[in-house]
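Chains as they are written, first to last, in our numbering: chain A, 2 to 156; chain B, 154 to 431; chain C, 4 to 375.
By construction, these hints were calculated from the structure, which means they are not laboratory data. Every residue gets a Cβ at the ideal spot worked out from N, C-alpha and C, and that includes glycine. Possibly wrong hints are sitting among the right ones.
What the simulated footprint calls covered on chain C by chain B, stretch by stretch (three residues with Cβ under 8 angstroms from a Cβ of chain B suffice, anywhere in the stretch; the number is not a length) [what the hints assert, rightly or not]:
(1) 95-103
(2) 131-137
(3) 267-280
(4) 284-298
(5) 315-322
The residues making up each chain are set out below.
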Amino acid sequence: MEKDIEALLTEHAFFKRMPAPYLALVAGCGKNVRFAAGQLLARTGDPANEFFALRHGRVTIELHSAERGPLILQTVEAGDLAGWSWLFPPHYWKFDVRALDEVRAISFDGECLRGKCERDSAMGYDFMKRFARVFMERLEAARLQLLDIYGNIPR
Amino acid sequence: MEISLAEPMLTVPFRVRKNRKETSDTRTLELAKPDGSAAPAWQPGQFMMLYVFGAGEIPISVSGDPAKRETLIHTVRAVGDVSSAICQAKPGSAIGVRGPFGSAWPVDRFEEQDIVLVAGGIGLAPLRPVLWTLMANRRRYGRVSLLVGARTPDILLYRSEMYRWRKRDIDVRVTVDAAAPGCQGSVGPVTTLIPRTEFDASHAAAFIVGPEIMMRFVVRALAQRGIPTDRLFVSMERNMKCALGFCGHCQLGPTFICKDGPVLSYAQLEPWLAIRNA
Amino acid sequence: MARIASENLIPFLLNVLRGRGYTCIGPTVRDGAIVYEEIRSEQDLPIGFTDEQDGGTYRLKKRDDEARFGYTVGPQSWKQYLFPPSTLLMQAQRTSDGFLAQAHTEQVPAYAFIGVRACDLNAIAIQDRTFLKGPYVDPTYKARREAAFIVVVNCGQAGRTCFCVSMETGPLAKSGYDLALTEILEDGRHEFLVEVGSERGDAVAREFPTRPANDDDGNAAQRMVDRAVAQMGRKMDTAGIKDLLYRNMDHPRWEDVAARCLSCANCTMVCPTCFCSTVEDVTDLTGDHTERWRRWDSCFTASHSYVHGGSVRPTTLSRYRQWMTHKLATWIDQFDTSGCVGCGRCITWCPVGIDITEEVRAIQETDRGKGH
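Chain A with its partners taken away, still in its complex shape:
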């Protein structure tokens, strides 16, 4: 089963050009998961010990609001990642993650992966660099959304 995960990771954009030994290590923490459209992958407040590399389908990052229902902040496409609360304590999901389409993903055990990164710092560094890029892209996207560029001209 692990071999399958490793093969799937080589096809995933986040793991592009990751050295084979690291891929093998990472794959050891991963498993295949599947969600139907509309299903929650993660729920605000739940313990966060996993993240997802999306292989097929989109998810929405949402916040539940009592009066207004689910507030959609962003959608994340296949080839991208969802979930970063497993990285730093407190390990709780800050947002809901919901499948917009039928989703096939690889779920990674957070504790397993944190442990491997601590023990093999070279692999840990490679992994963190990739994650840092995700943060950067999400922040850039969030800033663009904040500017409301199609509405009034930002001052």
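We have chain A already, so just place chains B and C on it with the hints.
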């Protein structure tokens, strides 16, 4: 010797045939010559100067099918006095037309290549004529993608036409900055659609229209995917009074947006856009 | 073949030109300055007057002779006649189902410009490129330009703000005129060297008394021009100036000049090549009649660069930089020539005496891009 001073500053009255509401602040007008003769020929990317009696004149891109010459289609967003007056023009009333002016999208330069169209907000209006041209000659081009960004789903333009574009093998993907609860579409800036857009960067060109900030981020994302800046084209907007290259208002560095543009390659614009308040 | 006319040339010249239907426009004193207005007789000329100019300074002074053209340039240029400050383009009136628009027509005035300086002659040639050589032709400019009869008067002196030598636009006019005069005024001698530059200039010259010019006359005329060269008040090193300004768009000097600039737009009004205009659609009180006017405008106004949301150039710095880099740099990419003719008017008529030659020198001396 008597001469007419006004050519080419003379506006010609056209009749409003239709005025269709697109969103809360945007309308699409269909204009026809009162005597029924054909409107002037124009190319995708060009604009007309539209005049409202007593209000003034502004540049608006033509957004119809360039092969259809009987009428002119303009999608207008009400942001000022004149644009608001145009949006309120009732069928049967008159709008003055002068033009066409400006440069066109270089569609025929990229036959057999992949075309990426990126539209933000009202930017889809000056790109729609390109879609008609591409659909009429679909086999001459490679992969064609249309990425659309808008503020919210209810202000997406031409939604009902998107299925038609998809049927002609155009990959149409839409994203909004802010969604209503239960929204079934993508949420996020239009740049987030680019990673999953398929094209061969060495044989592709992109046409981009939207707020300047959006255009800059989109250009950067496409350039990072390998499309060189001389194959990234944008439509620029500046203050325009004459549209003839005389009044000087529309200059960006040495470029007159009205006659050298509005369609320009990013390679040409880049050094000037990098200077603040140039 | 140059000729010599006596000091009484001007009355003859005015008569001949008027007889051919020209309205003679020439220098005259008004409100303490030498301006260009209709000249009906020689007495309208600023006889015996000169001007003293410097940054933010202009004064008329009496000379101790009867020179007809013993000054340099005043606040006006010939653009006000070829590219009038206000031009009616179109009239429209409301009808029951819309409106009717008509182009405004006018009788084209036939002007004879008397006393065109070499710098201003170059400025006309530069404006020709804007209004006649692009994808569109301005009908007003074209008609007036073709009708205009140009009588150059070469400079026999230069002012403290002149730098036509640096811009290679003077003080001697080389071509592009109908007639060129050089006022020879020395040692009790007062005559005019007359050079013909066109067929219609030749036809006019034949109608007033002249004698052929000899070497002595040629030398005398040359001495007048040499004096102008020697008196040039300013200098500008234009070698590589376009690239110099392109690579110094963030130079701190712009902040320095912006702190002084009042954004008053004087420089653009007096500059003989500035061509910015605006289009105004104005309605009468009934709301049933509108007129479309073209009026002079200036890139120093806040609304010049307005797009919905705000002005692209909201600061004095950005607007001053726009004016200067357009004049000296982007103009070259647009029209294959500098936009500056070295007439010095912008220096003289700037209320705070900003000197375009000094601004260029300051950037040259601390060129950010040096060595790149």
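Hint check results:
no.	hint	in the structure
1	95-103	holds (count 6)
2	131-137	holds (count 3)
3	267-280	holds (count 3)
4	284-298	holds (count 6)
5	315-322	holds (count 6)
Hint compliance for this structure: every hint is met.
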